[in-house]
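Residue numbers are given in the UniProt record's numbering: position 176 of the sequence shown equals residue 176, and the series is strictly consecutive.
Derived from the structure by calculation, the hints contain no laboratory data.
Treat the hints with care, as some may be off.
[Stated by the list, open to error] In silico EDC-like links for lysine to aspartate or glutamate, alpha-carbon gap of 16 Å or less:
(1) Lys391 <-> Glu371
(2) Lys152 <-> Asp208
(3) Lys402 <-> Glu360
(4) Lys24 <-> Asp12
(5) Lys402 <-> Glu458
(6) Lys130 <-> Glu458
(7) Lys144 <-> Asp359
(8) Lys540 <-> Glu392
(9) Lys485 <-> Glu461
(10) Lys485 <-> Asp449
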Amino acid sequence: MGHRYYLVFLDDFTNFVWTFPLAKKSQVFSVFRSFHAFVRTQFNCCVKTVQCDNGGEFDNGPFREFCNSNGIVFRFSCPHTSPQNGKSERKIRSINNIVRTLLAHASIPPSFWPHALQHATYLLNILPNKQLQYCSPLKRLYQKTPTYSDLKVFGCLCYPLFPSSTLNKLQARSTPCVFLGHPSSQWGYKCFDLSARKIIISRHVMFDESTFPFARIHDTQPSSYSFLDDAMSPYVLQHMAPTNSASPQPHYSSTSPLGSPSPLSPTTHTPTTHLHGDTSSPPPMAHPPVDTSSSTVPLPPVEPLLPNPVSTRPVTRSQHGIFKPKVPFSLHTTGTRSPIPTNPVFALRDVNWKMAMDDEFDALIKNKTWELVPRPPNVNVIKSMWIFSHKERSNGSFKRHKARLVGDGKTQQVGIDCGETFSPVVKPATIRTVLSLALSKSWSIHQLDVKNAFLHGELKETVYMHQPMGFRDPTRPDHVCLLKKSLYGLKQAPGLDSLRGFIISRLKSEFAMKDLGPLSYFLGIAVTRHSGGLFLSQRKYAAEIIDRAGMSTCKPSLIPVDRKPKLGANASKSYADPTQYRRLAGALQHLTFTRPDITYAVQQKCLFMLIQGRHTYADWGGCPDTRRSTSGYCIYLGDNLISWSAKRQPTLSCSSAEAEYRGVANVVSESCWLRNLLLELHCPIRKATVVYCDNVSAIYLSGNPVQHQRTKHIEMDIHFVREKVTRGQVRVLHMPSRHQIADIFTKGLPLVLFEDFRDSLNIRQLPVSTAGVC
């Protein structure tokens, strides 16, 4: 009896899919029982939950009895409620689309749909999946990277090589065939012999992917593919189909099973879809055919599908000097992106992460970071840990796997194996100042990288560390690492003085460092150079934050802050686990590197994690809990915004003039630091820095030498600003509130004013791709 339906098993965790053609729906239970045994044997785990539709082929006594006896949770969708099994329904739609495309593209008769179904399943399992972070289902399930070099166009002309032992000297070594995919139980190609009407399995095949034999048939009526629709159709196919049926085991049967039973633990979907076509294939078996020694599978005689083709000698592209580009390897690069492991045990099982760990370990050994010594008694031995991450390019594409060995610095004891701690971090304003200075001088900007520069500092203290997991010396398993040089995670590592000397010496030694070319990507910021200057963008990072917060489908807002309500400490209940909130708030802080327009909104959010042009402004008494003011400023170097800030004032201000004056003191302090920075960069500022303030009283205080009774408590700020004004380094001028750009850092603004001030901050739409320098 011919196949009319097919059954789909979908693993909810890995998205791996198995499909089985069925002659009738009553075969569903026997196929499921065989599939259950296959999962138990190959993966050493059991199917825990089955989610299926409300069809009678599932909702019956034998099926329920089998699930109950094996402890399987059996769940059904409500009648006519396909979204309850939406993942399977969407997978069936994808399969149908691929099958329909495969058949139509090669003009293959619909009777060959079981072969197209098997090939469609194979493609879905090896291609990268967005839901799996662009890892393939095959990679996720079998921990084996799929290969794409063997992919050929379905239905194209092919020439399998006949074994020479079965032929005489004058017989042809091949015959024209049609490529019908890959067999499930053998590593080779399925080739349909057009003259003998049989399937030939061969590993040595030559392909002509531009020729499709079935397309030569001139049929008066076009082929119908209505068998891929859900509704019943009275149409019955006249052609006979091959007998090679799909097997319930995955296409990569030679792959070793996983050691952990976790991949198939989640829900397994088992829907069916109807295929209304007559074929002559036997029902599917639980396992591949036992007799697999023969390289051909005989088929019953059928009516001629096309005239006997004229035997031609195959001519390869290479003989004509034509070489096919290996385009699928671009997919291979994306598909080999392994998910970030939760612990080193899983990482050591993955070939990609194992290579990254080997590279890190080899670099540390080459750097002579430690030496193995017997463990002294009564000493503190810190733990070693592996940190894993994905290295990405500026356009968000995957670059490589990154593994880093770190020491557990929190177990170090001050005064014993660590001293003072200090971590020098470059200020964002410094980076923007240097970039702005380079643009004004029309300098080109190059990027250099010292490999493992952080690890070259010499340790003064005696620090012992356990050997890294997965790299324990088998000849000295009880020894520990006596650290000679710094390691990520140590308390004293960031402040080692020798690191500075190392960088200087390396810069002097003929620039022996890795040249990354023109500046294009650093600290997660994409840099594009165009005729108007430099464009800094964190678009990819912003999209990651939105996705991490689960807000990809939320309706966007035109302004970042609601103008009416004021956030308070007791406005809502505290989170049971505030970790996610803190993580998102920290990510938003980094986003303000290129988005000053959201600085005030981020500052408001960061206040509740548990407790910077030359424009300045302060919001007097804006906090509903403490009535402290918020100061904000922005500093320009020429037309370039280089520094900004939105910060809650540390003390309570008794008047708006006092709050404004504290804001003036903040911006004067920052401008003095920037003037000193430019002096060190041999670009001194000789003119006075102009500070714009919209509070007349604060302006008078900055220049009036008379001390008032109401301003004695802010005397330090007054004298500091007056000193800079007297020396001619600062001038404080009045700016009307309507044009006070710094307002955007102290409070929520109406849309028109917000967009006006945002344009003044030089925030623009991305002009060109941030993939690199033009």
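Here's how the hints hold up against the structure:
1. Lys391 <-> Glu371: 29 Å, violated
2. Lys152 <-> Asp208: Holds: Lys152 and Asp208 sit about 9 Å apart, inside 16 Å.
3. Lys402 <-> Glu360: With Cα atoms ~8 Å apart, Lys402 and Glu360 stay inside 16 Å; holds.
4. Lys24 <-> Asp12: This hinted pair is violated, its Cα atoms lying about 26 Å apart.
5. Lys402 <-> Glu458: 24 Å, violated
6. Lys130 <-> Glu458: Violated - the C-alpha atoms of Glu458 and Lys130 are around 44 Å apart, more than 16 Å.
7. Lys144 <-> Asp359: 21 Å, violated
8. Lys540 <-> Glu392: With Cα atoms ~10 Å apart, Lys540 and Glu392 stay inside 16 Å; holds.
9. Lys485 <-> Glu461: Judged against 16 Å, a Cα distance of about 10 Å means the pair holds.
10. Lys485 <-> Asp449: The hint is violated at about 19 Å.
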